[in-house]
Structures are given as structure tokens and as C-alpha cells.
Amino acid sequence: MEHITFGKTGLRVGRTGFGCIPIQRISYEESTALLRRAHEYGVTVFDTANGYTTSEERIGIAFKGMREQVVLCTKSGAKTPGDLMTHLDNSLKMMGTDYVDVFQFHNPGSVPAPGSADGLYDAVLAARAQGKVRHIGISAHKREVAEEAVKSGHFAVLQFPFSYLSTQEEMALANLCRAHDVGILGMKALCGGILTNAKAAFAFLRQYENIVPIWGMQEMAQLEEIVGYEKNPPPLDGALRAVIDADRKELAGQFCRACGYCLPCPAEIPIPMAARMSFLLGRMRRDVLQGEMWQGNMRKIDHCTDCGHCKAHCPYTLDVPTLLKRQQEAYFKQL
Numbered sequence: 026m027e028h029i030t031f032g033k034t035g036l037r038v039g040r041t042g043f044g045c046i047p048i049q050r051i052s053y054e055e056s057t058a059l060l061r062r063a064h065e066y067g068v069t070v071f072d073t074a075n076g077y078t079t080s081e082e083r084i085g086i087a088f089k090g091m092r093e094q095v096v097l098c099t100k101s102g103a104k105t106p107g108d109l110m111t112h113l114d115n116s117l118k119m120m121g122t123d124y125v126d127v128f129q130f131h132n133p134g135s136v137p138a139p140g141s142a143d144g145l146y147d148a149v150l151a152a153r154a155q156g157k158v159r160h161i162g163i164s165a166h167k168r169e170v171a172e173e174a175v176k177s178g179h180f181a182v183l184q185f186p187f188s189y190l191s192t193q194e195e196m197a198l199a200n201l202c203r204a205h206d207v208g209i210l211g212m213k214a215l216c217g218g219i220l221t222n223a224k225a226a227f228a229f230l231r232q233y234e235n236i237v238p239i240w241g242m243q244e245m246a247q248l249e250e251i252v253g254y255e256k257n258p259p260p261l262d263g264a265l266r267a268v269i270d271a272d273r274k275e276l277a278g279q280f281c282r283a284c285g286y287c288l289p290c291p292a293e294i295p296i297p298m299a300a301r302m303s304f305l306l307g308r309m310r311r312d313v314l315q316g317e318m319w320q321g322n323m324r325k326i327d328h329c330t331d332c333g334h335c336k337a338h339c340p341y342t343l344d345v346p347t348l349l350k351r352q353q354e355a356y357f358k359q360l
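Just so we're aligned, residue 26 is where the sequence shown starts under my numbering, counting upward by one.
Incorrect hints may have been included.
[Stated by the list, open to error] FRET-style restraints, in silico, Cβ to Cβ: (1) L201 / Y341: 30 to 40 Å; (2) L288 / M91: 26 to 36 Å; (3) M91 / A277: 39 to 49 Å.
These aren't lab readings, by the way, just hints derived from the structure by calculation.
Even glycine gets a Cβ: it sits at the ideal position worked out from N, Cα and C.
Put together the whole structure using the sequences plus the hints.
This is the structure:
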């Protein structure tokens, strides 16, 4: 596994990271085996969050007695200093550790700063002084927030979506982070599953030496594929560029990245899947997506009241109700 120095943290980390949202979906035995195998292959960075149900607990079980061998990154979306400290202490307990390598503000609407009225950044500074946090980071979905955070000098790590569907302005963040010596965790290399060619995704991101993609994996085969590319990095050749160009053409414009901030939906619409259904039908098993369960899920769109919750919480300012209705129409035309 090739390693890099992770920005101003000074940490030496493998260039392939592990995103720990998907491990919630498998058994504890499976998640333990998967996380340990990843570590055996040289993966050192494992990213999670307080809000990812059992993810932190599974990390703690898998790496018991191995704390110094891994870099643990977690997040909190707390709105008050008290809640933030509660989240942090719970994270430490779940992961069986006294400290977090990188503690991140979880997609805040604005950039936390020392001395701000909400007291959030100062709370993390206090936690760092206590030894509970080693480095302070931020995750963001909005480019403007990410740019401000990097330029502020208050963060050692930025987590941001990077993939071959990213705009030139978004990819420019890699150079901005390099200039400010900020480490990068690249989330959504496969855009929440809408991209299916991991080889092309890997080759594209490998161009950026300071991005550590955190691949979301829940199966050993997925880990084996990514580690295989790590051992023998594929060149971004004409064939892979053709794949990228075709995906960019098909997915151009506004589309759902499946971040899930729109949830919960009062009408119980599974928005992250439903809002991308016409794309997923060509990339996943149609027999499942066109089965009785998903037909029922897509009919739930009829019950949308346009309450505004999804639009208010979408980091990409999508008109989610309109997008859902278009996807529903396209879906039933293909049955």
C-alpha cells in the first residue's frame, strides 16, 4: 500500500481509506473480518460518524488491542457544545479508545470558528486539550463551505465528495488543500453507487496525490477489487476515459448523490434511491428494482406533500419533489 503524509496532521496514511457506513448492514462477524482484512492489506484510515448507528461499535470490536495501528476519523453534527461533547464521549466509548485521530464537524451549514457564538469549535479545542481529539476536520457537501474552511486555517482535514462526476471547480479543492496543507478524505468516489466502474473511479482519483478516497465497502469482494487496484494502479487510458465520458454524458446536470440528508421523509419515500431510479435501473438488478417492493416505494411519491423538508436539507439545493416525480414517471414507463 502506498502511503502519503496526510497534510498538516503529519500522519502517514495509506492512499486507500475505508468508509464505514456500509458495515452497519452486515453481521458483526462479517464486519470484524472485513475491517481486519482491510488493515492486513495496508488500509489505515477508517472513517465513521456518531450518527452511523453501530458503525463505531463495530470498529471498536474489530480493532481492539490494535489502536495505534489505525487512524480513526469520526464526526458529529451537534448544534450545541454539550451535545458535541456527548457525541464525542460516546464515540470514544463505542470505539474503545481514549482519543480520535480526526474529529470532524459533520456537514455544518456554516464554517465553525474559534470564539463563535455557538461555542462548537471552542468545545473541540477543549477536547483536544484534554487529549480526546488529535486533529480537527470538517466534512462538507457545499463547495463554498469547503473552500472557506480550508482557507480559514482552522482545519487539518477536509472531507468532501470527489469523483469523476465532480466539476472542475470542485476538483480545484484538491489544489487549494495542497496549498494550505490540508489533508483530504474523498467521499462518494462512486457517487453513492450510481457509478459502477470502480476501476475508472480509482484511476481518476489516483491523479490527485493528496486525496485519500474512503471507499464504502460491505463485501470482501469489494475490498479485494479496490486493494487489487492499489497493488497495480490502473492507468487512466483511453478505455477508462471513454467510460468516464459516457457516464458524464448520461449523468450530466443535477442528480441525487444519495447523501441522505433529505431523510426522514414524512411520506416515507426512500428518496436517495427513488430520486436516482432511472439511472439505477441500468446499473443494478432490474428484477429487484422492478419488483413489487420497489413499485410500492415509487408509488409513495404520490403522497409527497411538498412539505419542504427535503429541499431545505439538500446540500445540492435540488428541487427534490420535482425530481422524484420525474423519476417516478420514467420508472413506470420502463415496467
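Here is how each hint holds up against the structure:
1. L201 / Y341: 30 to 40 Å: violated (20 Å)
2. L288 / M91: 26 to 36 Å: Since L288 and M91 have Cβ atoms about 34 Å apart, the given range 26 to 36 Å holds.
3. M91 / A277: 39 to 49 Å: Roughly 44 Å apart at Cβ, these two residues keep to the hinted range, so it holds.
When held up to the earlier numbered hints, the structure conflicts with hint 1 and nothing else.
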